[in-house]
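Asker: Chain residues, written in single-letter form:
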Amino acid sequence: MLYQFARRLLILLVSLAVASVAVFLFLAVLPGDPAQVALGVNATPELLANTRHEFGLDQPLVVRYLRWIGGVCVGDFGRSYVTGDAVAPQVFDRLGVTLWLVGAGMLVALLIAVPAGTFAATRHRRPSGMLISGASQLGVAVPAFLAGVLLVRVFAVQLRLLPSGGWTPPNQDPVEFLRGLILPALSLGLVQGAVLTRYVRSAVLDVLREDYLRTARAKGLTPFRALARHGLRNAAVPVVTVLGLQLATLLVGAVVVERVFVVPGLGSLLLDSVGNRDLLTAQAVVLLLVVAVLLVNFVVDLLYTALNPRLRQGA
Amino acid sequence: MTESLGGAQVPHPTGRAATRVRGGRGLSLAVGAVLVGAVLLTALVSFAWTPHDPLLVDAAVRLRGPGAQYWFGTDKFGRDLASQLMVGARTTLFVGFVAVGVAAVLGTPLGVLAAMSRGWVGELVMRANDLVLAFPALLLAIMFGAVFGSSTGTAMIAIGIATVPAFARIARGAALSVLGSEYVLAARAAGRGRVAIAVRHVLPNIAGLLIVQASVSFAIAVLAEAALSFLGFGTRPPTPSWGRMLQESQELLAVAPRLALVPGLAIALAVLGFNLLGDGLRDRFDPRLERRR
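These protein sequence lines are chains Y and L, in that order.
For the first sequence, this note's numbering gives the first residue as 1, with consecutive numbering after it.
For the second sequence, this note's numbering gives the first residue as 316, with consecutive numbering after it.
Hints were generated in silico from the structure; no laboratory data involved.
Beta carbons are placed, not taken as given, at the ideal position from N, Cα and C, and that holds for glycine.
Be aware that one or more of the hints could be misleading.
[Claimed, not checked] Covered, in the sense of this in silico footprint (three residues per stretch, anywhere, with C-beta under 8 Å from a C-beta of chain L), are these stretches of chain Y:
{"id": "1", "stretch": "6-18"}
{"id": "2", "stretch": "84-92"}
{"id": "3", "stretch": "132-141"}
{"id": "4", "stretch": "223-231"}
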């Protein structure tokens, strides 16, 4: 167990290091001189050289990388070449917004998938169960941004119940915040809920066939209580894995959904900074997303072992 | 097996669970084939004929409703929606073919290599694989777009690279089981080299699973291309693309929701088609499946 943990941790650290080099190199070769971008087209060569020196752009790539990653490790992502502002506060500000979306999306997905999947499993050869399976297959094919556009059409344009976009911070006006969160969360969560439903259904079906569930039933528990007390914990093992991986999907999916709903999250920041040639900001966002995916995968691996005693012994 | 939605990879249920997740086996294959066939046919026909010039801007017929002349109506520039949809099918399939091609050509040999050399080479390949997995297609494509300029080309290469790990994993898993078989042992005993074994024994035997993966990956590529064009990082105007049609429809959602519905439905049906086709094919090709029902 400890050996497994140490090995996974080592792999994680190496992956993080390699990923950061990849992100740095990739965006360091971005066409366009950051000094030129910062100063505009009328800058004199001397001024350009000065600014390059000031940004540290005249240093070799290795030095630039080490400076950057050194700062990142202590939470300093540098100052934007374009706006001159510190990158870190902006990035973490936007991360907060994106996490609200992802969290709410995940909640929607779970609220759909757990009841629907369990229901479909318990009726798996009846029409109602098959209907849910079919609907989830359809839901998988609908991209989040399409769901978003359609939800806006119905709930914002037609019924005028909810705002079609924009963002109100929760501490400013909680009610507006919630109203603004509903549609983006639904568009992220509906699709992931459809995906998750298929896994919940299959996991519950597997558990329903197990001997311990039959034993629980023989001891006099009703089917529902047997499933609730003995089945769901076991069914959770494969579902948690998928859930973790979906977290990564949601983070990236948020990039598109933020564009639909004009939400100032990480995704909008990434698209804007790429558009403005704001190298350091783009680098910070990409790194943050990649690190998030790697960390999520790491935690999922650990949870998978922790939740499944059989794997624990084998390791 | 992995399936990815909007980027990250989700493991496919295998074994008993897989049989059930998929359900109605013959039906999946048939419906999938019909949907994919329809997209393919639409794209092919568009080379020879479209009802109108998809790029023809005509202010006199802006935002016409559906009818005999314009089947799905026209957009804000008076362009025929049906014709754009037909040519857009070409874009979708083109991106899918190239992306899946890149992924299969790079991923399959890597997976087979990882299976055949189980020492540090195999380990290195699979770790590198996991690292690429941390760069979802969408993110990679935005990075590619930033560096090389956004175009259909950068989008499909990025989607292809992001899909490599899916192929490498499938190829590795399947190759491992083939390598354990007696005929490979016999071939080894007969003195065949590693490359010969890989080409003559491993590849033909894992081809079925790779075809299944190709179909599933195709669905993901269609989604990714649509998302990228929606964000402005994919196919550039004026080339019609379903994702961009959807993006352009957003401002007119109140007036003409069909502008969103038509390309949206096309994307969803194409993705559904490739997913179902993949499911159906897996039932044919995956030897690990129990024939239960």
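Asker: It remains to establish, for every hint, whether it holds in the given structure.
Answerer: Hints, one by one, checked against the model:
1. 6-18: holds (count 4)
2. 84-92: The restraint on the stretch 84-92 of chain Y is violated, since only 0 of its residues have a Cβ under 8 Å from chain L and three are required.
3. 132-141: holds (count 5)
4. 223-231: Per the Cβ count (0), the hint is violated.
Violated hints, in rising order: 2 and 4; the structure is consistent with all others.
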